[in-house]
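So the protein sequences, as listed, match chains A and B. When you number the first sequence by full-length UniProt numbering, it's gap-free, plus one each residue, and the end is 312. When you number the second sequence by full-length UniProt numbering, it's gap-free, plus one each residue, and the end is 281.
None of these hints come from the bench; they were simulated from the model. Treat the hints with caution; some may be incorrect.
If the Cβ cut is set under 8 Å, some of the chain B residues that face chain A in the computed set are [claimed, not checked]:
1. Ser37
2. Ala93
3. Leu209
4. Ile230
5. Leu249
6. Ile256
7. Thr275
Positions of the beta carbon are idealized from the N, C-alpha and C atoms, including for glycine.
The chain contents come next:
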Amino acid sequence: MSLAEEYSKTDGESRLSQSIAHLKQNRRAYFLIAPAAVFLLAVVGYPILETFRLSLYRSPADSTIETFVGLQHYVEIVNSDIFYRLLWQTGRWVLVGVAGKTLLGLLIAVHLKNDIQGRKFFRTAFLIPWGIPYAISAVVFRWIEHPQFGYLNAVLLKLGVIDQGIGILGNPDIAWLGVVVADVWIGTPFMAIIFLAGLQSIPQDLYEAAAIDGAERWHQFRYITLPQLKSVILMATLLSTIWTFVSFDVIWTMTGGGPISTTATLVIHIYQVGLQNGNLGRGAAYSVIGFLFLLLFAIVYLRVYTRGGDEL
Amino acid sequence: MTMAGHNRTGLRRVRVYGVLIALLGVMMFPFYAMFSSTFKPESEIFSAPATLVPSDPSVGAYLDVWTQTDVVLWVANSFVISLGTVVLTLLLAIPAAYSCARNDFVGKRTFLLAVLVVQMFAPVVLIVGLFDVITQLGLFNTYLAVIIPAAAFTLPFNIWMLYGYFKTVPVELEESARIDGASQFQILTKIVLPLTKPALVASITYTFLYAWNRLLFVLTFLTDSGKYNIPRGVFSMVGALQTDWRMMLTVSVIGIIPLLVLFAFLEQYIVAGMTAGAVKE
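Using the sequences and the accompanying hints, generate a full structural model.
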């Protein structure tokens, strides 16, 4: 044995013994995080692996025998028209939904920020739509948009916009808008509260100085509020993008993805193919594609979140 | 301040209230539509155009859902599922968060980041793999089939939230308690947890709401209608051809009443929790 080997060996050994010492010293710390770690590995980690595995198999709906098909599902998906339609429909759903929630949330927050009476009441009231079951909000919006008996039609008729009741959710061209409205209604409170918290942390003297300089309110908003709120807006819209992307309950309850799949998004399709039709392999392949999108959002989110590096 | 200045602030106040009330009206209208419809008789619900105020208000719909649907059972199931999720989540989150707040160990950063990533992995993209796991474990059609996934997806928020709060509890307090002979468990339950009460309330509220509101897990893992929660119950009333809107909206109202009570009492904790979860200080 050469001297160098001798050295590297002791080095390795001491590193090992160091690790063991570290483990012993922190035995209690590891013991305390173990239940959560094991639980997450079992309920989230393992299903991720299982999804990847399933995506390589074909499981006929009428039997439990799986055949290994490799990447065939992926090839078929990428070559299918439905995939591109789903991407378009998902993109449209996320973009319009997040934009709606951000703008409406900002509008509410900017007005709630003022020193007004009953702010607590307003804040609670604005928050409520976020806290109730999405499925319930969805049926209420279905009711409001009902082709014959709904309030929306009643209003439009009264205003003379239409002369006959229209069925929004049954119309392939506009059904998605009918669902987006409900989703915006549900998601706006979160944005409003987060923006409000952000607004309240902006130093008041910035506005006072601007007011002395004679800056108009719009300019104050444009040159103080927006730049100061930038990181909060970024964080909130990223989170909202993720949540809107994976939103399931609202679409499922309002349209089930119809009519003729025009309100289906990627995740709705995962559910339809994988669980409703029992094609686990194909559903899993779509899930993996969904993972990739989420991973992309998550990387961006983590980069923004840990920027500065002093968080942990 | 000049007269003009007074007028301007006065005008601004009017405008702010005006905008807020208008926005509130828009946000509250769906609730109004839901509540007012439940007091209409069947003939009025199914008449066009929709009326704003019930012409002949009655509580008939509430009596009907009481006798004709499983609404009581669904509310009870929602409580079972929500409370189960809260207990399981806290049992896992408190030790993990405490451990991370009090110790420096190899892998802590990885653990906390991994937890954050779990929050990104929405249940619905995992549902196919999760379905396999739940079936293999023989949990299909049991409450646990819903409680376990719900706990997994509320765990990240809870760990981060409690981790942040535990860090603010001075170590000196724990050390002096230890000198006085308190056990680790006593230190946690008698000193640390009472000091982190706001965080615990926010955690419990968030977890409770999450489990109460979720349709996906119940839709996928429970086929026995006797185990449905409120969202699933409401969903089951959506008919393929015909929907009994009067009954469905009434069940919806009953399903959100516990949440409205929760909101009235815990608004500040909910806001604190939401803010802590999304925006760094």
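Now the hints, each set against the structure:
For the restraint placing serine 37/B at the interface with chain A, the shortest Cβ-Cβ distance is roughly 7 Å, inside the 8 Å limit, so the hint holds. A hinted interface residue such as alanine 93/B counts as satisfied when its beta carbon comes closer than 8 Å to some beta carbon of chain A; here the least separation is about 7 Å, so the hint holds. With a cut of 8 Å, the hint placing leucine 209/B at the interface with chain A holds, because the nearest CB-to-CB distance is about 6 Å. With a least beta-carbon distance of about 6 Å to chain A, the hint placing isoleucine 230/B at the interface is held under the 8 Å criterion.
Here the hint on leucine 249/B is kept, as its CB sits about 6 Å from the closest CB of chain A, short of 8 Å. The beta carbon of isoleucine 256/B is positioned within 8 Å of a beta carbon in chain A (closest approach about 5 Å), and the interface hint is therefore held. Checking threonine 275/B against chain A: minimum C-beta separation of about 4 Å stays under 8 Å; hint holds.
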